[in-house]
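**Q** Chain residues, written in single-letter form:
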Amino acid sequence: MLNVTNLQFAYPNAKPIIFPDFKCGEGEKALILGQSGCGKTTLLHLLAGLLHPKQGSIQIGSQKIEALSGRQLDQFRGQHIGVVFQKPHFIKSLKAQKNIAIAQYLANKKPNLKRIQDLMEQLGIGHKTNANVQALSQGEQQRLAIARALINKPQLILADEPTSALDDKNCAEVIDLLEKQARENGATLLVVTHDQRLKDRFQNQIHLEALTTH
Amino acid sequence: MNLLGLSWQNIKAKPLNTLLSLMLFILGVGLITVLLLTNHQVAGKFDRNLKGIDLVLGAKGSPLQLILCSVFHIDDPTGNIKLEEVRPFFNKKHPLIKKAIPLGLGDSYKHFRIVGTTHDYLDVYQAEVGSGKLWQQDFEVTLGARVAKELHLKVGDTFVSAHGFGAAITQHEDHPFTVSSILKPNGSVLDQLILTSVPSVWKSHEGHSHEEEDHDHNHDHDHAHDIIDTLANATPPLPEVVKNSRGFFQKHPDFEEKELTSVLIQYKNNTDIRTLNMPRSINANTQMMAAAPAYQTSKLFEMIGVGEKALRALAFLIILVSGISIFISLFNSLKDRAYELALLRVMGSSRTKLFVLVIIEGLLMALIGVLLGILAGHIGMMVLARYMQESYQYDFSSLLFLKEEVYLIVGALVVGFVAALIPAIRASKLEISKTLAKG
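Chains as they are written, first to last, in our numbering: chain A, 1 to 214; chain B, 215 to 653.
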C-alpha cells in the first residue's frame with residue numbers, strides 16, 4: 001500500500017537527508033520514531049506531497065506521487081491522504097462542522113452533512129456541530145482534526161505528533177480513535193512521534209536516525 | 215461550503231479589518247453618486263426649461279441672472295423694461311421672431327412665483343391643462359401641478375398674493391386670485407409656477423403702491439373698484455392681452471407707463487445671420503439686455519464644472535485610497551492566516567483556488583462598499599433634494615438610477631480585483647511545508 005524507496009530530500013544549502021526504505025500494507029499501522037531534528041516532519045511532508053523529494057519514490061496505493069503534477073498532487077492529497085497535526089489548526093472563521101465540510105469541498109467530494117455528523121458522533125463531538133473551533137477544548141479540537149482527516153475516507157492517514165500536546169487520558173483516547181477509525185476505513189495509519197507513550201502500541205516501528213550523507 | 219462562502223465568512227469574522235476600507239468606499243462612491251444624480255437632474259431640468267427659448271430680453275444687468283430669473287425662475291429680476299421699448303418684438307410681421315412672450319414677475323404666493331404672461335408661455339413647454347380652463351380674465355390663475363399639490367389648491371379656490379418672492383412682507387389683499395385651472399405635471403419649470411395675465415400683475419402692483427401712498431386713509435376703501443373705474447373710462451378699448459402676446463404690439467394709452475420683467479423670444483430661423491446679430495444689436499442700441507439661455511447656461515455649467523470636477527477627483531482619490539486600504543487589510547490578514555491557507559492546501563486546495571479565494575475577498579469587500587456607497591449616495595440625494603426644493607422649488611428625485619452607477623459598480627470591482635491581486639499571488643505561492651512547520 002505505502003512503499004517508500006530510496007528517498008532523499010535536501011533543503012536549500014544543506015546536505016541531503018536519506019530516509020530508510022519501508023513498506024506498510026493496507027489497513028496496517030506504523031510508528032515513525034526519532035529524535036527531533038532527524039527529519040520526521042520532513043518525511044511526513046514528503047509522504048503528504050507537501051515537499052518534493054530530491055530523489056527516490058513514494059508509492060501510495062498504485063500511484064507514485066512524484067509522477068503527479070502540482071494540481072494533480074493537490075487533488076490526490078485532498079482525496080487520498082488525511083493529515084493530523086500536533087497542534088490542531090482550523091479555519092477560525094468557520095464553525096466546527098463547516099471546517100469538515102470545507103475538506104469535502106476541496107477534495108471535490110459532494111457535501112455530505114450526514115457523514116460529517118456521524119463521524120463527529122463517533123468521535124464524541126457530535127454536540128459541537130455549530131461550535132466555534134476556538135471554543136473547543138484541546139481534546140475536542142484534536143478529535144475534530146481527526147474527523148477532518150478522515151472525512152474523505154483516505155487511503156493513508158498521516159499523524160504528526162498527534163498526542164504530544166495531550167495528557168495521558170486524552171492521549172490514549174485520541175490514539176484509540178485514530179486506530180479504530182483507520183481500521184474501519186481500511187486506511188493505512190502512519191504516526192510520526194517522539195512520544196514514548198505510543199511505543200508499546202505499535203509493533204511496526206521505523207526508526208529514523210540523524211542520517212545524512214557523509 | 216465553497217470558496218465564496220469561505221471568503222464571506224472570512225470577511226464576516228473580522229469586520230474591523232474591513233471597516234476602514236468599507237467606510238472609505240462608501241464615502242467615495244456616495245459622493246460620486248450624489249454628483250452623478252445632481253448633475254444628471256440639473257442638466258435635465260435646465261435642458262427641458264431652456265428648450266424653445268432662444269433669447270431673453272430684460273433690463274441691463276447680469277445676463278446670467280436674467281436667464282436664471284426668467285427661464286429657470288431661480289434668481290431675482292434684473293429690473294424692469296418699458297413695454298414701449300419691447301413693443302416691436304410682439305409684431306406679427308417681425309422678420310426674425312416667431313414668438314415673443316411677455317413675463318411680469320414680482321409677486322409670489324407661499325414661495326411659489328406668480329408669473330404674468332400669456333397662453334403662449336404654455337405652448338413653449340407643451341403644457342396640458344389637467345382640470346379647469348386656462349385663465350380667461352384678470353386675477354384668474356393657472357397653477358403648475360406641484361403648486362396645486364403642495365398648497366392643496368383646487369379649481370375655484372382663492373388666495374392673496376404677497377409682494378416679493380420670499381416670506382410675505384406685504385400682501386395684496388385687495389386683489390385675491392381665483393384658481394381657474396391646474397396643469398398636468400409637465401417636468402418643466404411650469405410645474406412650480408402660478409400663471410396669470412400680465413395685467414393682473416400690473417393691477418396688483420398698482421393697488422400695492424396705491425396702498426402705500428394712501429397709508430393713512432380708510433382701509434375699507436375699495437381699491438379694486440377704483441381700478442375698474444379707471445379701466446372703464448379708458449379709451450380706446452384695451453387690446454386683448456390676457457391670453458395672446460400679439461396684443462402687446464398695439465399702442466394704447468394705458469400701456470404707456472407699463473413695464474415688463476422680461477420677454478422670451480423664439481426665433482424663426484436659428485441660422486439666419488440677422489438672427490445671430492440681433493442680441494448684439496439689442497445690447498448696443500437699446501436700454502435693454504438680450505441674453506441667450508443656451509449660452510449662459512453652458513457658461514454656468516463650465517463655472518460649476520470646475521468645482522464639480524474637483525469634487526469628482528476627490529471622490530476618485532478616496533476610492534483609490536480605499537482600494538489601497540483593501541490591499542493592506544488583505545495583505546495583513548494573509549500573515550495571520552498563512553497557516554489556514556496552508557491547511558487548505560493540505561486538504562487538497564490547488565494554488566489557483568487560494569488565488570481565487572483572496573481575489574473573491576477583495577471583490578466582495580469592493581462590492582459591499584460600492585453597494586452601500588450607492589445607497590448612501592441616494593440617501594444623501596434625498597436630503598439634498600429636500601434642501602434644494604426648499605431653496606429653489608426645484609424637484610429632485612433620489613429614486614433615479616443611472617447607467618453610470620452600473621459603471622461605478624464595475625469600476626469598484628476592478629479596484630477590488632487590483633487591490634487583491636498581489637495578496638492573491640502571494641497566497642498562491644505560499645510554501646506549505648515551511649508554513650506548517652512554523653506552526
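There could be a bad hint or two in this list.
[Claimed, not checked] Here are the simulated DSS-like cross-link-like pairs (lysine-lysine), alpha carbons at most 30 Å apart as the crow flies: (1) Lys-92(A) - Lys-567(B); (2) Lys-199(A) - Lys-648(B); (3) Lys-523(B) - Lys-398(B); (4) Lys-169(A) - Lys-652(B); (5) Lys-87(A) - Lys-307(B); (6) Lys-457(B) - Lys-307(B); (7) Lys-95(A) - Lys-567(B); (8) Lys-64(A) - Lys-109(A); (9) Lys-92(A) - Lys-64(A); (10) Lys-652(B) - Lys-40(A); (11) Lys-109(A) - Lys-180(A); (12) Lys-549(B) - Lys-312(B).
[Claimed, not checked] Coverage of chain A stretches by chain B, computed from C-beta distances (three or more under 8 Å per stretch; other residues unrestricted): (13) 47-58; (14) 133-147; (15) 192-203.
No lab work stands behind these hints, which were simulated from the structure alone.
Quick reminder that beta carbons are idealized off the backbone N, C-alpha and C, glycines included.
**Q** Check each numbered hint against the structure and report the violated ones by number, ascending.
**A** 3, 5, 9, 12, 14 and 15
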